[in-house]
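Student: The primary structure of each chain is shown beneath.
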Amino acid sequence: MPTIASSNASAWNLTAATAVYNSISVANGDLLIILSLGANAVSPISTTAPTNTGTALTYTQRLTAPAVAHSGFGRVILWTAPSNSAQTINVTCTRPMGSAGSPFWGFQWWVIAAGTHNGVGAVAGSEDTGSNTQAITTTGANSMLLGGASDWNAVDGTSRTRRTINGSTGTEHSYFRDSAQYTVYAQSYADAGAAGSKTFGYSAPVGQLTALAVIEILAAAAAAPKKGPIVVGAYNSPVGSSAARLDAYW
Amino acid sequence: MPIGTCDPATRGDPYNVIQLAVGNGDVMVTIRYDWDQISTRDTGCDGPLVNGTGIGNTWAVAYVNAGETTYYMHTTGRNGQSRTFTINPGANGTITKSQAAAQGYVNRSDVDNLTLTTEP
Chain A
0 MPTIASSNAS
10 AWNLTAATAV
20 YNSISVANGD
30 LLIILSLGAN
40 AVSPISTTAP
50 TNTGTALTYT
60 QRLTAPAVAH
70 SGFGRVILWT
80 APSNSAQTIN
90 VTCTRPMGSA
100 GSPFWGFQWW
110 VIAAGTHNGV
120 GAVAGSEDTG
130 SNTQAITTTG
140 ANSMLLGGAS
150 DWNAVDGTSR
160 TRRTINGSTG
170 TEHSYFRDSA
180 QYTVYAQSYA
190 DAGAAGSKTF
200 GYSAPVGQLT
210 ALAVIEILAA
220 AAAAPKKGPI
230 VVGAYNSPVG
240 SSAARLDAYW
Chain B
0 MPIGTCDPAT
10 RGDPYNVIQL
20 AVGNGDVMVT
30 IRYDWDQIST
40 RDTGCDGPLV
50 NGTGIGNTWA
60 VAYVNAGETT
70 YYMHTTGRNG
80 QSRTFTINPG
90 ANGTITKSQA
100 AAQGYVNRSD
110 VDNLTLTTEP
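Chains as they are written, first to last, in numbering that gives the first Met the number 0: chain A, 0 to 249; chain B, 0 to 119.
Heads up, some of the hints might be wrong.
Chain A is faced by these chain B residues, among others (derived, beta-carbon under 7 Å) [claimed, not checked]:
1. 24
2. 44
3. 63
With the Cβ distance kept under 7 Å, some of the chain A side facing chain B (calculated, not the full set) [to be verified]:
4. 14
5. 16
6. 17
7. 102
8. 152
9. 162
10. 170
Simulated from the structure, these hints should not be mistaken for laboratory data.
This structure is a prediction, so every number in the text was calculated from the model and none was measured.
Ideal placement from N, C-alpha and C gives every residue a C-beta, glycine not left out.
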């Protein structure tokens with residue numbers, strides 16, 4: 000199953016146009032995932048990719064919603080970036096929308112460990128998922144699901160319930176609420192089970208109006224058994240005794 | 000965002016609330032603040048931290064750490080000051096607005112860039 004090597008989040012009451020998260024360590028083969036959430040999807044909608052210090056990673060936008068300004072809805076944008084070397088980087092993200100109505104935003108990040116994943120599978124989400132609920136059809140067995148939501152209604156999530164996928168309620172990475180601004184959720188499920196239809200999100204509290212994105216991280220393929228010709232060698236000991244040894248290798 | 004304005008009364012609330020939880024919900028801080036009659040949502044609502052009312056509810060900041068790792072609440076104050084509040088494993092407490100003010104937390108803008116981390 001995919002494994003989270005590390006994860007964390009920025010503040011969720013950021014107001015500046017950009018923010019930096021320092022000292023994210025990535026190894027060769029790791030996969031960095033960044034989920035930016037904003038309180039109000041007003042103009043100008045930004046799809047500016049993250050940047051990082053050191054050797055630049057290539058960031059792929061996996062989902063953005065809404066595509067154009069839509070006041071009265073939250074804002075979500077999801078990025079992935081594979082790492083081809085080991086380094087510790089500072090990542091800079093850009094606020095994904097304007098500041099009118101509410102400037103609040105933030106981002107969650109995860110590093111998926113090399114050797115445990117096989118890249119990205121399905122991605123799903125939208126600006127209005129209907130109360131923190133998102134259907135996604137996974138394409139592989141034992142995939143990980145990661146994602147989160149911005150609740151424009153800022154409903155009180157003190158009593159909140161994550162949905163169950165493959166018998167697990169997963170892990171919550173971030174919950175933030177400013178009752179005058181918005182509520183944020185970020186969560187993961189380590190093993191979504193057999194490929195097929197899943198429902199991601201929170202069943203409570205009700206009354207949310209969420210922009211949500213969820214991504215499938217495929218499990219690494221099982222290592223194929225080694226096979227090949229077997230070479231056999233036999234020889235006497237150097238002392239000249241009759242002892243012999245048999246080596247087999249491939 | 001929710002109905003109303005920065006004024007919590009427009010939502011029928013006695014105060015605005017900030018909550019932040021990490022560590023699968025094991026660690027959480029709650030901060031109550033009122034409106035300063037000036038700020039707007041466009042710039043981020045601001046106002047003084049306030050206590051709740053009633054027995055056992057007269058606090059402005061509450062914190063809990065049900066995990067086994069020490070967490071640190073990091074904030075940036077309205078004048079750019081960085082502050083850190085330590086939340087030890089097993090902690091479950093509250094502080095009043097006066098106690099919070101003594102530590103530099105006076106207004107909502109004194110808890111900007113709010114994070115909870117395991118790094119001091």
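Student: All hints, please: hold or fail.
Tutor: Hint-by-hint comparison with the structure:
no., hint, in the structure
1, 24, "holds, 5 Å"
2, 44, "holds, 4 Å"
3, 63, "violated, 12 Å"
4, 14, "holds, 5 Å"
5, 16, "violated, 14 Å"
6, 17, "violated, 13 Å"
7, 102, "holds, 6 Å"
8, 152, "holds, 5 Å"
9, 162, "violated, 15 Å"
10, 170, "holds, 5 Å"
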